[in-house]
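Asker: Listed here are the chains, written in short residue letters.
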Amino acid sequence: MGMALKNSSKSRLIGVIGVGSFGTAIANMLAEKNEVMVYARKQEVVDEINTQHSASGKLLNPKIRATFSPEELCGVCGVLFLMVPSTAFLEVTRTFAPFLHPYHLVIHGTKGLVVQLADGEQWDTVKKLRRNQIMTMSEVIVQETLAVRVGCLAGPNISKELGNGQPAATVIASKYNEVIQEGQRLLRSEKFQVYGNFDIIGVEFSGVLKNIIAIAAGALAGLELGENAKGLLISRGMVEMAHLSKALGGTVSSVMGLAGIGDLVTTCNSLDSRNFTVGYRLAKGETLDQILETMEEVAEGVNTVRIVDAFLKTAGIRAPITENLHRVLFEDLPIEEALHFLMKYPFSVDVDFI
Amino acid sequence: MEENYIKHQYRPILPKKNEWPVVKLARERKEFVNKVAALSEERILDLIGKNSEILKEELETTLYREKLRIKQNPWDVDPDDEGPFWGEVKNNLLQIHSEGSRTKAKKLEAYKSVLRKITRRYSEEIASNFKASHYKFTRSMVSYGFSRLLNATRVKGFGSLFSNQYSLQDKIQITGQTAQIRELATKGTIVMVPTHFSNLDSILIGWIISVLGLPPFIYGAGLNLFNISIFAYFMNALGAYKVDRRKKNLMYMETLKTYSKEAIQFGCHSLFFPGGTRSRSGIIESKLKLGLLSTAIEAQRANFQQGISDVSGKIFIVPVTINYHFVLEAPSLIQDYLSMTGQERYYKENDEFSTSYKIFKFLFKFFTKGSDISVSIGSALDVMGNYVDEEGNSRDKWGRAVNTEEYFMSNGKVTIDAQREEEYTQMLGKRIVDEFHKINRVFSSHLVTFVAFELIQAKNAKMDLFDLIRLPQEDLAVGYEEFKAACQQVLDKIFELKAQGKIDAAPHLYRSMDEIITHGLENVGMYHAKRPLIKDKEGNLATEDMSLLYFYHNRIHGYGLEKLF
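Residue numbers (our numbering), protein chains in the order written: chain A, 1 to 354; chain B, 1001 to 1565.
In isolation and in its complexed conformation, chain A is listed as follows (with noise of 0.2 Å):
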């Protein structure tokens, strides 16, 4: 007790887990203002960081240290930043988990939802899930550690425009109003603008749903529907997803914010999102397991369909784009006849949520 008390009072350093593309430009943009550590996996990458102020080549500001001990980094650390990829969120927060204590202050910035199958359940098979089966990455926090300070960063945030200091801004969410002041006092610069929202499920929500409507945008743009199609699209996911976050506990006007709309429109015309390329594949007639099997990393939309999917059996809900969308990917539609669907299907009002 008394070693975590000394530890906490030193607490100036800011941690950052994870150097992926969005994890390095967190940390330099960090480091403009603060002493910055960062946690890389591997002893060579940690090397690298040290040494070369590099992380598998992208540049990182010099000051910057690194180590591989979760230890070390939360015992020098009283804010972390956690910047996984989805698929390693759950093994990363539980090995950070034993040196966490509830004096920390964790902002994560990952898009993606864990689900947390009953006995007997398998995840291909799965057909319903319960929203206390779905988990968004802040909950996975609390569940896993004993940190309850939990903030989380979401927005229009393409690595590569940030990296080059073109002008940008982010969400940052969290029930606390300490977490958002620290956040904003450790990011804003005058390229970067930092907005606060309480509302930390329906912000982690609207950043995960806007991934399934990016794969239909792809789709569209493989089709080569044309402009019109796609405000349609971005209009109708926009409804779309307003309904589902207030479904799973979120608010409406988080869908409206930078981490919804803002982000969906950058998505939607962003060559360089997986999600997007996952439905302009589809749209030129691959299938899904011949685009996933030349895809380096997850594309986090095929995921949340199958997991909302599961979700609207439960909650007795309708959410078109999706579950058409699911039909594709999964039940072999032609994509053709999905749009044909969609466009049959009868919406009678333009905005019937606000």
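What the hints contain is simulated information worked out from the structure, not anything from laboratory work.
Heads up, simulated BS3-like pairs for lysine-lysine below, C-alpha to C-alpha not over 25 Å straight-line: (1) 1493(B) <-> 128(A); (2) 1438(B) <-> 1171(B); (3) 1067(B) <-> 1117(B); (4) 1563(B) <-> 128(A); (5) 1247(B) <-> 1112(B); (6) 1131(B) <-> 1024(B); (7) 1563(B) <-> 313(A); (8) 1187(B) <-> 1397(B); (9) 1056(B) <-> 1067(B); (10) 1071(B) <-> 1090(B); (11) 313(A) <-> 344(A); (12) 1117(B) <-> 1090(B); (13) 1030(B) <-> 1131(B); (14) 1287(B) <-> 246(A); (15) 1248(B) <-> 1287(B); (16) 1430(B) <-> 246(A); (17) 1413(B) <-> 33(A); (18) 1462(B) <-> 313(A); (19) 1107(B) <-> 1067(B); (20) 128(A) <-> 1502(B); (21) 58(A) <-> 160(A); (22) 1067(B) <-> 1248(B); (23) 1563(B) <-> 127(A); (24) 1430(B) <-> 1287(B); (25) 1257(B) <-> 1112(B).
Could you slot chain B onto chain A? The hints should help.
Answerer: Below, chain B without anything else, positioned relative to chain A:
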């Protein structure tokens, strides 16, 4: 295997009453009231940012509401000088207003003096009038009187009135973490949070605390109960402070919270009914009133701030459920519930506890007939909802030690952050509700009413609750065999949940199903004029009062048992 409940004789943990925190508090009552008044004033000034205009507005609002209350809703217990007091407040405000040329600072000072008057009056009004001699007398009277009644009816033959074969503990079983609460009460400060179904709870819990050998707890009791002289006597004797639900103004609420916080910090074990009021629907509280609960968190943080980081400054939250076959006020509670249209509306505090005679009549029936009560003491939590061990150390889900102080720290220091503590209060509220569900003890009467109601509802699937209640009685009968089979199905599920630690079940549920049903029918709502569930001449199950059936059925709502129908 059944009825293996063992009566314990718990020795008092603090034999000398001079050591009781509540006695110390009573001794220092005057200083304490002054302190609470001063701190409340400070707190209110902080809340309004020391702005004289806002203070003026708040004072005027309070004055207006208090005058209205005196006129429209006077109670016997209200002091005679209320009119003159608020008249004086009005004059003071008028005077300050008329001297328009004052500087801002002077105005603030003038308004502050009015505020001081009000917080002083409120603190004095809230403060308990505990007297150790009354406490002792009440305790022995309750135990003696009740055990005479019990023995007179249960032990046959001459001299039964003086037999000691049965004591109150035969009637009221205490189960759960009794050793832990006794242990922790010697180390830190306990905040007990029971479920609340009946006005009897206040007295019952007072008795339980004394049986467990704990010094008296202080608790906030509705001022309406002090209208009845017998209750007023009991309440004062048990260390109750007064909560007046008619007063919803900022100054009163803040004074009340300050009183509670300071009393906890003083080391007084406290008791809140976190539901705020009796459960109208019979459902276990799922949304708690967080106002008083927040004072436990505040007191804990304040202790840490003052450097009391060891167990002596620790606050332990102990959830308790009180399980009845029968709630005397059920008919009026459920009527309240049904007529509430989802909005908070004013309702008259009008119930069966309105006169001392009715209470005696009830108590006599209660002790001379069947119908047991059990009280489950839950595992202690810290203010963040972590379980604590026998030494008072918090433990996380994996059994690792947790330092509660760290929840209140930023940059290595304990800090005050009202917004953070508001969130923590919500979290604690949710944890308490979880614990309520885990320690809730199912009785035969809950089982039979639950099954009967669900069967009737399943047969009339298209009807909502209000339609069901208006159904003619002949449409409400359920065949015995069908009923019995459904009971078995629900009971199996309850045992399954019990094995997972999600609910508790009374020992009488291990009898044969016919016996359980008979036991349940005999006991459920046994003193109501209209019984919620009976066996009719044909041997079918029927109800005389559908809304009461609904009330008792609600006791095991929230476990997903409805899905079986």
